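Visitor: In order, the protein sequences belong to chains B and Y.
Counting with full-length UniProt numbering, you get residues 1 to 602 for the letters of the first sequence.
Counting with full-length UniProt numbering, you get residues 1 to 602 for the letters of the second sequence.
Don't take each hint at face value.
[To be verified] The calculated DMTMM-like cross-link candidates involving lysine to aspartate or glutamate, where the alpha carbons are at most 20 Å apart (straight line), are:
id: 1; chain 1: B; residue 1: K269; chain 2: B; residue 2: E401
id: 2; chain 1: Y; residue 1: K595; chain 2: B; residue 2: E401
id: 3; chain 1: Y; residue 1: K41; chain 2: Y; residue 2: D10
id: 4; chain 1: B; residue 1: K583; chain 2: Y; residue 2: E87
id: 5; chain 1: B; residue 1: K578; chain 2: Y; residue 2: E65
id: 6; chain 1: Y; residue 1: K601; chain 2: B; residue 2: D227
id: 7; chain 1: Y; residue 1: K434; chain 2: B; residue 2: D227
id: 8; chain 1: B; residue 1: K595; chain 2: Y; residue 2: E65
id: 9; chain 1: B; residue 1: K583; chain 2: Y; residue 2: E68
[As the list claims (entries may be wrong)] Partial list, derived from the structure: chain Y residues whose beta carbon lies under 8 Å from chain B:
id: 10; residue: E65
id: 11; residue: T169
id: 12; residue: D171
id: 13; residue: H196
id: 14; residue: T197
id: 15; residue: P233
id: 16; residue: I235
id: 17; residue: G238
id: 18; residue: Q323
id: 19; residue: L486
id: 20; residue: S579
id: 21; residue: P585
Calculated directly from the structure, the hints in this document are not laboratory data.
Please read these numbers as outputs of a predicted model, since none were measured by experiment.
Where a beta carbon is used, it is the ideal one built from N, C-alpha and C, also for glycine.
There are 2 protein chains.
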Amino acid sequence: MSQTKSVNIDLQRERDKCTFSVTELTHLLDGGPQNTEERKKIEDMVLKEGIHNEDIPSEYLSHKEKYEQSVKKACLLFKMIRRLQEEENTGMENYRAVLSGMLGSAILQDGSPLTLHYVMFIPTLMGQGTVEQQAYWIGRAFNLDIIGTYAQTELGHGTFIRGLETTATYDPATKEFVLHSPTLTSYKWWPGGLAHTANYCIVMAQLYTKGQCHGIHPFVVQLRDEDTHMPLPGIKVGEIGAKLGMNGTNNGFLGFDHVRIPRDHMLMKNSKVLEDGTYVNAPSSKLTYGTMMFVRVMLVYDMCNYMAKAVTIATRYSAVRHQSQLKPNEPEPQILDYVTQQHKLLIGISSVHAFRLSAQWLWNMYNNVTAELDAGEMERLPELHALSCCLKAVVTADAAECVERCRLACGGHGYMLASSLPLMYGLVSAACTKVSQCVAAIEQRQKTGMAYEDAWNLTSVQLISASEAHCRAILMSSYYEETQTLVQDASDPLKKVLLQLVDLYVVYWALQRVGDLTSICERDVEHLQAWYESLLTQLRPNAVGLVDAFDIRDEILHSALGSYDGRVYERLMEEALKSPLNKEPVNESFHKYLKPLMRGKL
Amino acid sequence: MSQTKSVNIDLQRERDKCTFSVTELTHLLDGGPQNTEERKKIEDMVLKEGIHNEDIPSEYLSHKEKYEQSVKKACLLFKMIRRLQEEENTGMENYRAVLSGMLGSAILQDGSPLTLHYVMFIPTLMGQGTVEQQAYWIGRAFNLDIIGTYAQTELGHGTFIRGLETTATYDPATKEFVLHSPTLTSYKWWPGGLAHTANYCIVMAQLYTKGQCHGIHPFVVQLRDEDTHMPLPGIKVGEIGAKLGMNGTNNGFLGFDHVRIPRDHMLMKNSKVLEDGTYVNAPSSKLTYGTMMFVRVMLVYDMCNYMAKAVTIATRYSAVRHQSQLKPNEPEPQILDYVTQQHKLLIGISSVHAFRLSAQWLWNMYNNVTAELDAGEMERLPELHALSCCLKAVVTADAAECVERCRLACGGHGYMLASSLPLMYGLVSAACTKVSQCVAAIEQRQKTGMAYEDAWNLTSVQLISASEAHCRAILMSSYYEETQTLVQDASDPLKKVLLQLVDLYVVYWALQRVGDLTSICERDVEHLQAWYESLLTQLRPNAVGLVDAFDIRDEILHSALGSYDGRVYERLMEEALKSPLNKEPVNESFHKYLKPLMRGKL
């Protein structure tokens with residue numbers, strides 16, 4: 001009761017009229033009440049450490065201070081994880097829960113300089129190292145004796161791997177590889193943690209031996225002295241500069257001036273270079289596929305988290321905010337009563353469910369394929385690769401649009417960093433690829449002749465639409481199928497609302513793509529439009545309940561507009577008062593510039 | 001010749017194959033060679049002062065330092081303008097050229113805390129003050145004896161003016177108005193320069209006299225002591241906190257605790273309060289219309305400038321950047337050779353022309369209406385109001401999409417602040433309204449009965465589409481008509497390319513809105529699609545020439561990706577090296593946190 005009192009009255013009214021059990025939906029989303037309980041326990045455990053608290057909100061810090069704060073937080077986080085593992089003997093699942101997803105991003109809101117150590121450095125050692133190499137490196141990496149990252153992209157070269165310029169030339173005289181950056185465009189560019197954090201790096205380079213190039217291979221290179229952290233001779237390393245978002249990730253550049261590493265620093269699980277320089281070919285590249293698949297599926301889950309946060313913020317704000325008049329002489333309505341607002345929010349909510357269930361479906365498919373791989377069957381690998389690539393592209397693009405739409409749906413206040421929405425857009429936007437790359441991946445499998453490429457380019461505008469349509473069809477069918485399974489044991493009211501969301505999603509995309517549906521007539525469009533609006537009206541009373549069920553606690557949501565109690569205006573003012581500019585009534589620039597200008601004495 | 005040598009070879013090749021005279025187009029856009037010369041002269045004059053130079057790029061500064069730097073720059077800029085006016089006796093046109101448009105934004109890249117002084121404070125004094133009030137205030141304001149801003153929006157209330165809560169209650173005993181903020185939601189929120197810069201403010205407040213409310217009226221209120229700059233008693237003022245962009249504008253909040261101002265600080269050109277408290281009604285509100293119209297037309301021009309910058313950056317980068325392979329064993333093509341890229345860039349270029357010419361057309365229409373107003377005719381005013389509102393909404397939305405599409409078209413490097421595109425998105429995005437407000441403005445003129453409002457809400461998704469379609473139709477027709485006039489005296493090659501751009505724009509929007517064109521059949525769509533792709537192919541060789549013609553010099557473009565010489569990679573590295581983090585090989589956080597963590601001693 002006492003908790004209810006402090007909640008904004010409009011928000012409370014929304015909760016009172018919700019037709020389904022929010023807790024039931026939360027349990028369903030977590031995969032059962034035990035999982036919900038476990039999740040909350042970990043959240044409590046981690047958040048009570050207070051690492052996420054900031055004296056001055058990071059948006060007021062300088063670029064350099066932001067990096068320093070993110071190193072501090074990342075280190076304290078790992079210290080805590082170590083302690084928890086020792087004290088409470090919690091397993092690796094918790095470890096992952098703390099590092100990724102909602103909780104990790106709540107603590108390191110603008111990215112972590114240690115992410116690539118766990119997400120790319122260690123997995124690549126595991127996937128591409130021989131047993132001996134794994135024995136040597138993985139323990140050191142897990143123990144954080146060394147901090148690594150993974151460098152592939154170059155200043156002049158992105159996703160097209162064959163275009164990379166960095167060379168690793170084998171010298172049989174000394175049994176060493178010589179790493180070299182022949183041009184400015186060959187500098188490694190982008191890897192997180194590379195600039196000032198990592199002291200080791202897996203470098204992807206063109207392997208030359210006996211005068212022949214054998215393509216891209218992975219090499220472990222030490223970048224900095226383990227004791228002083230000074231860059232080693234021949235290593236040119238630094239940060240690439242300020243970015244739209246992710247300014248806590250310490251993205252770096254890296255150039256080599258004939259840097260020598262021992263032969264066994266090439267990861268040789270697949271391909272090998274023998275002592276005399278003989279190249280022995282790789283039996284398969286399935287593990288490269290595997291790592292990328294894992295990264296993509298995780299990314300789709302991440303996007304779902306961001307979208308869930310964004311729609312939670314925008315929906316609660318829309319229940320609290322009143323604006324304009326629908327009818328003369330009536331009070332200003334909640335903006336949630338505007339159909340255009342319902343449209344933006346509910347499509348966002350249904351997309352979270354659609355993507356979450358599709359990611360789950362893809363994950364299951366991946367596990368099946370991995371089992372097949374172990375049995376030597378590799379036929380479904382390219383299909384899965386193309387699918388994951390395409391889903392990733394559609395999901396990241398839609399997520400960016402959803403977050404931005406939520407920001408705009410909050411009007412001017414969405415422009416405040418205190419809303420958390422601009423920062424979130426920066427993060428989501430970092431994951432966007434141009435869908436065209438994926439089309440290439442898919443189309444390559446179907447190509448028929450040499451002239452095809454020109455034709456492909458000429459018609460690629462349509463092709464992209466076509467392959468996007470294909471992806472969306474898969475998304476819709478997996479969303480529909482997986483929801484059917486999900487609601488089997490759900491109560492009737494919950495089942496009803498989840499199925500309404502599926503309908504909304506499908507009708508929305510049918511309307512968006514009317515041009516693709518050539519057999520549709522004008523009356524069909526009108527019918528779809530009417531259906532869509534009726535679904536919005538039916539879902540309207542449950543909008544707040546639907547986002548409450550995502551169960552994102554305030555510390556993780558981190559938004560003045562979206563907190564559970566709906567005290568939007570109080571929080572906006574509280575956040576404003578945290579600005580260092582507000583600590584002094586008169587800024588020194590008045591005395592230095594403004595007053596002299598006003599008195600004609602500048 | 002010597003200049004040509006340093007230009008990237010791909011970019012030079014693009015320039016060599018351009019089919020029209022870039023200089024001719026520049027002259028056409030400027031409105032004649034004399035204007036081009038004059039513009040360049042002013043640019044030279046202002047830029048040689050070096051105010052735009054920064055020791056450390058502002059993206060590396062803290063929020064407080066950013067404000068301090070923008071005050072410094074704004075003050076130096078005005079000092080220079082004063083000097084130029086005295087020395088060279090240049091008129092007001094130059095004054096405007098320096099403050100607004102390309103040049104002003106090049107110097108104060110993230111907004112100026114003095115903008116509202118010129119854009120709202122002075123114009124409102126001129127528009128709403130009596131002759132006596134103008135005599136008293138305008139000289140002081142122009143002379144910068146005082147610095148003002150304009151406060152309307154409140155924390156809990158946006159564009160719906162009747163909902164504002166701040167009160168100004170007349171006290172006939174002392175002949176004063178008492179300004180008061182009855183609630184937290186009534187705090188003024190957002191005005192630029194309000195936080196720590198302005199010492200005066202025009203405050204929009206609900207006027208109460210003799211116990212009656214007469215709606216919103218403007219009051220001049222002193223906020224800070226003219227000498228010490230300390231806030232006056234009863235004034236609660238500060239900044240609203242960090243935002244997505246515009247962090248140089250010093251947006252503030254403002255609350256009143258029974259603050260008394262003299263009766264004649266109410267601006268009384270239209271409505272009056274007599275000494276005894278009698279309210280005398282306004283004869284018309286035409287001047288409020290006028291100010292807003294002016295602001296909107298200027299805004300459309302601003303959006304054109306941002307779009308021109310964004311497409312210049314993305315097009316030049318697309319000529320320099322090579323990626324992937326179209327055909328096996330061929331070198332990586334320029335990304336400008338991909339049809340999908342051409343599509344993004346050329347639609348952006350044609351939109352700049354479309355919006356520029358539509359703004360010009362609106363401006364002429366506005367001047368005609370103003371002439372009519374002076375003659376007592378006011379019939380066309382609401383139509384013009386609705387049109388300008390609607391065009392503003394469509395243009396700001398499209399500009400934001402265009403800038404963001406250009407950013408994404410630059411791949412990962414578009415995510416770097418050194419590209420200038422993220423900051424530009426922040427600026428353009430600040431101007432976006434939800435198109436729905438404009439629909440309201442238009443629809444209000446057509447409403448027929450009481451039940452209409454419910455119907456309006458229920459079908460507003462379609463209505464917005466319909467009114468957007470109406471706007472786009474006007475845009476297309478004004479673009480077409482104005483281009484016809486523009487090219488009358490142009491050379492044939494230039495005429496051809498400008499008309500191709502119009503075709504591209506129209507065909508693109510026809511394809512985008514196939515759903516609206518119910519009479520269209522499948523074959524028509526195919527025909528349009530083929531036409532569209534043929535236009536892209538024809539325009540492709542002129543892409544770089546078309547953006548060169550915008551003639552945005554490097555200091556104004558301020559982008560590592562878009563400079564005239566195309567030295568993209570060199571500039572990216574040069575910019576990276578400016579990061580304060582790169583001044584030290586080892587950051588102190590290594591010794592404080594990383595090393596202790598690695599040694600288990602944190």
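Visitor: With reference to the structure, classify each hint as holding or not holding.
Guide: Tested hints:
no., hint, result
1, B:K269 to B:E401, "violated (41 Å)"
2, Y:K595 to B:E401, "violated (41 Å)"
3, Y:K41 to Y:D10, "violated (30 Å)"
4, B:K583 to Y:E87, "violated (41 Å)"
5, B:K578 to Y:E65, "holds (16 Å)"
6, Y:K601 to B:D227, "holds (14 Å)"
7, Y:K434 to B:D227, "violated (56 Å)"
8, B:K595 to Y:E65, "holds (18 Å)"
9, B:K583 to Y:E68, "holds (14 Å)"
10, E65, "holds (7 Å)"
11, T169, "violated (23 Å)"
12, D171, "violated (28 Å)"
13, H196, "holds (5 Å)"
14, T197, "holds (7 Å)"
15, P233, "violated (12 Å)"
16, I235, "violated (10 Å)"
17, G238, "holds (4 Å)"
18, Q323, "holds (6 Å)"
19, L486, "violated (29 Å)"
20, S579, "holds (5 Å)"
21, P585, "holds (6 Å)"
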